[in-house]
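Trainee: Chain by chain, the residues:
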Amino acid sequence: MSDAFVLPEWAALAPALVLATTALLLFVYDSISPKSTNRAAIASIAAAGALVSLATAVWFILAGTGAEGVDAGYDLWFVVDEPGAGEGAISVFGGQLIVDQMALFFMVVVSVVTALVAISSYDYMAGHAYQAEYYSLLLLAATGMSTMAAANSLVTIFIALELASLPSYALVAILKDNRGSVEAGLKYFLIGALSSAIFVYGISLVYGATGHLQLESIAETIEAGGADAYGGILGLGILMLIGGFAFKTASVPFHFWAPEAYEGAPAPIAAFLSSASKAAGFVILFRVFTTAFPLEVTTDVIGLEWTHAFIILAIVTMTVGNFAAATQQNVKRMLAYSSVGHAGYAMIGLAGLTVDGGELVLGAAMMHLLVYGFMNTGAFLFVALAEYWGVGRTFEDYRGLASRAPIACAAVAVFMFSLAGIPPFGGFWSKYFLFLGSIEAAATNSAMLVVAAALVINSALSLYYYSRLVKAVWIDDPVTGFDRDFGGTPTGLYTAIVFAAIMTVVLLPGFGPVADVAIDAASAILV
Amino acid sequence: METAFELAPAIVLLPLAAFVVALLVGEYMPKKGALAGIAATAGSLLLSLYVVAAVATGGEHQETYFTWAAGDAFSETGESAIEFTFGILLDPLSALMLVIVSLIAFLVHVFSLGYMNDEGETGLRRYYAELGLFTFSMLAFVVADNLLMAFMFFELVGLCSYLLIGFWFRTESAPSAAKKAFLVTRFGDYFFLLGVVAIGATFGTLAFQGDNSFVAAASDAIEGGEPLFGFEPRTWVTITGLLVLGGVIGKSAQFPLHTWLPDAMEGPTTVSALIHAATMVAAGVYLVARMFGYYALSPTALAIIALVGGFTALFAATMGVVKDDIKQVLAYSTISQYGYMMLGLGVGGYVAGVFHLMNHAFFKALLFLGAGAVIVLMHHEQNMWKMGGLKDKAPVTYYTFLAGALALAGIVPFSGFWSKDEILFDAILVGLNEPIFLVAYAMGLLAVFFTGFYTFRMVFLTFHGEPRSEAARDPHPVGWNIKFPLLTLGVLALVAGVANLAPVYKLTGLEITYLEFWLDGQYGGYADLTYTAYGDTVPFGTEYIAGSETITLLIAAGLGLGLAVAGAIFAMVLYNVPEPEPHTENLGSARTVLRSNYYQDEYQVWIAENLSLPLARTADRFDQSVIDGVVNGVSSVSLFGSSRMKRLQTGVVTNYAALMIVGFIALLLVLGVLGGWFV
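Listed in order, the protein sequences are those of chains A and B.
All letters in the first sequence, in the order written, are residues 0 to 526 by numbering that gives the first Met the number 0.
All letters in the second sequence, in the order written, are residues 0 to 678 by numbering that gives the first Met the number 0.
It should be emphasised that the hints constitute simulated quantities derived from the structure, not laboratory data.
Please note that a few of the clues may not be correct.
Which bits of chain B does chain A cover? Going by a derived footprint, with three or more residues having C-beta under 8 Å, they are [what the hints assert, rightly or not]:
1) 478 to 484
2) 636 to 642
Below, in silico cross-link-like pairs of lysine-lysine (DSBU-like), each with a Cα-Cα straight-line distance of 35 Å or less [to be verified]:
3) A:470 to B:178
4) B:392 to B:482
5) B:482 to B:178
6) A:470 to B:482
7) B:385 to B:30
8) A:175 to B:645
9) B:482 to B:30
C-beta: ideal position from N, C-alpha, C; glycine also.
Based on the provided sequences and hints, a complete structural model is requested.
Mentor: Written out as structure tokens, the structure is:
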């Protein structure tokens, strides 16, 4: 390990900082030329920022930043200026933020989705006002999500969460002339406000019981018996925290905003919210529950294993999401509910934790969120493409689209089958690992068998509605009068869709390293 | 030597390349892909000869090229892992078979120029592509170094013969014959697959050769005496061996799964030559030879092989007597001859069986190609009663066909005599010690007479006497591309017997049993795959008539030759006349039975219609009502549930807030009660 390349400690936050800087850059650009119609420049700045953030995050992962004593064997070793650095998580600002493998992993997810959304928005948002605002809001939300990945104290968590949420409300409502968009924005905001209230209340209860906000300190207090007298309060606080996270991840019963917001929002924003925002919600959920409330110490205080809450939530969320998706006529709404269902799958990651294990299942949930970042974003971007062409909203309207746009429709077939978990695609592996992890966890907690069964049943059901879309675009006869020209081939959207499709496919052969990184990240936070 | 082994994969891959070339660009090539096939098989032949040379100078080779699956699975004998691989095994047996297959395939390709191209057939691109794939499959099967790979290419061979038998798919009979061949052999292959799984699960390995082979593992298990899956080890070896034998019986057309083979005559005659001489049918017997060490461990399995073989030899020979179609006669002769090979292997005569496999490949390819030439001469007439007198008009065809016929009938000094004699000699030796084998021997011996008879009935009806139709009076000329393969094979049918003149050796002591030395690994080869090694394992003792090998030898050879000649002379008396009569009609009701092939097809159809079909119907009814009912029920419940779920989403934001809180409180109550927070 040479010291040829020394960066200060806070530089470990580079992926989030790059996003924030880009957002500010867009403000500057907008204030210099507020009337600019140079949309290409604005979109490029946003996309470039997201890509730089992605590149830094990937580089850090490869260099082993924040990894647990791993010599990654790369020359580009990321060194912070203190001896023994590069080993273990890098904690910044007195432990308020932390950069470890899991944080970087989710920063990758966030920046990839942001890049895809920025690229595709270039076409989708053509002809709309407030371009610079749109992109800077997007990047600010992404900054919030990136920070969520690194947040390590209930305060920073709350701030990051709000930083991600507030721009999202505005983004959903950005089509100001569209009643659906505005209504969705308002509903999203109201539900969000209620959830935030519950969340903050939860924080205050946890603080009341333990006297700390920093996650490790909370765990230490609980372990030291400092919260023994307040078991009920702590339990209630934890449950309220779960409520706040359930809102962010669109899990039942805090999911009601999702179908409305996704449907009303511009499709790229729906993709953004359902992939990146959900992933960010999960990373924070994983961190809080593994760091602040380790099972072995918390169980005695609150009287039961908190995994029970996640078992219930996972089963209910999967079932509600998939069942509600099954008979939807509107494609975007179907995807919205499917996204709720996938939150249920990812929740297995926490439901399957046990006192002395769970790397596999937690790693599987992380993998699922990564793959999901590609396949779900791609699916929403396909809807964006259809909206761009003015095709219509229902399955009926999508009939025979393959004759018009074979490449995009091939991509959508990939997304749908991957979402359903059909073997040749990335979605199969992550679901397979989730299933495997549940079965493994069932050895100590037999309720996990029910979760595994629910996973299988819901996957089977999901194949039904996912294949409906594939059938509509590929097999059904085109709608009559379908010959009209849609107005060109939007390059940005196509690029994003095809890239997402390629990633969904190549994640299968590339799954070995991805699985390794995810499981390493999972075991690092489970220590 | 090393070069030869390194090039060995090319032997297999060249025909595959020909397949691809013919498939992709065959339409634009002169001769529609035939040239690619000829070049590829010629290349395979040369490389095979190179491999033979390498083995002859003391080489042997086993190499794994690709492990496509590996996993931890405890086998019954305690192996902790199993691997599934593709690899090649080159030893005397496979090297010999490589030459046979590539030679016959090469000659068939050349012959096809005359039989298919010159006759203006359509679909030639498909024909040559399938021929290439067929050759590839068989060669890959031959070099396979493990049972699973052998099984896979065994199946591919079956697929290719399905495609080629049904080549004229617009006729009514060809597709039906192709389907029959496919289904009947598949029935046998089903047992083969079970056998592969059973052997893999028992021994944790599927390799043919070496200390890690399943043969060695089985031998150890029998020595150790630990029961396998609750059976005596030897019993279990017998069971698994017989399961594999199911595939052999299907492919090599042994009783009772021989019924597909006569129908398979619907394919082009060139294809029949390939199927009967070197590929499809030969695959079965070759498999027994390949894993002979395994069968050698089980006297029961060997006895069954011998009895099935002997019975099939006789059974098929009797049916061949009454056929009028030249290709049908040859078809039954094939079944009968493979019966001999099985008989030979079943009595432990590994060399004799392989020797007959080789000789049969030459003379049967010759006879089929000769029959093809006759069919060309006769303007596509196959009924022997419409022929006659071709002897003077097509001398090359006649003399080569005659050479093949003499070899088939087993008349000295043609090749068939030597190998058949050796099989029968081995059988009588074992039979004198273990009487059950005498039954098999007697059936094999009796079949010799019928073989001589039907062979020469065919020769005389086709070539002798007066022409009995317009076509026979004015035959269509044949070109060099037909004559060249016939002459090559004619010479081989005459001289191939020199490879193993065992009787001469036993009488004179001259060491000229080259094939035996070859298969015994005296030039090169693996010690565990030699005749001596097998001989040590085979549990049968031998005995001689009057205690003398010479007397036994003379009696056995004399009996065999005498019966063959008697059959031939009987045929000559009846049919070598200017205007032959259909004498078989004098057989009366026996003829009806024989013409109907002992009602084999009828009873198999009866089984299909009265047992399989009702069973299938019941299963279908179960599937339609119970399974589908459950599935449909699940789907309607799901859709109903789905429509309920949708109603949760009312669109009114206050409802959402209320539901959220209700949900949250419900969760709180459940967990709170469980956790005792309210106390």
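Trainee: Take the hints in turn and mark each one as holding or not.
Mentor: Each hint, compared with the structure:
Using a Cβ-Cβ cut-off of 8 Å, 0 residues of the segment 478 to 484 of chain B lie near chain A, which falls short of the minimum of three, so the contact claim is violated. Restraint check on the segment 636 to 642 of chain B versus chain A: 5 residues with Cβ-Cβ distances below 8 Å, three needed, restraint holds. For the hint pairing residue 470 of chain A with residue 178 of chain B, the CA-to-CA distance comes to about 34 Å; that is within 35 Å, so the pair holds. A threshold of 35 Å between alpha carbons decides the hint, and for residue 392 of chain B with residue 482 of chain B the separation of about 14 Å falls inside it, so the pair holds.
Distance hint between residue 482 of chain B and residue 178 of chain B is fulfilled; the C-alpha atoms sit about 33 Å from each other, no more than 35 Å. As the CA atoms of residue 470 of chain A and residue 482 of chain B are separated by approximately 59 Å, the hinted pair breaks the 35 Å bound. Restraint check for residue 385 of chain B and residue 30 of chain B: satisfied, since their Cα atoms lie roughly 32 Å apart, inside the 35 Å limit. Using a Cα cut-off of 35 Å, the hinted pair residue 175 of chain A and residue 645 of chain B holds, with the two alpha carbons roughly 28 Å apart.
Taken as a hint, the residue 482 of chain B and residue 30 of chain B pair is honoured in the structure, with Cα atoms around 18 Å apart against an allowance of 35 Å.
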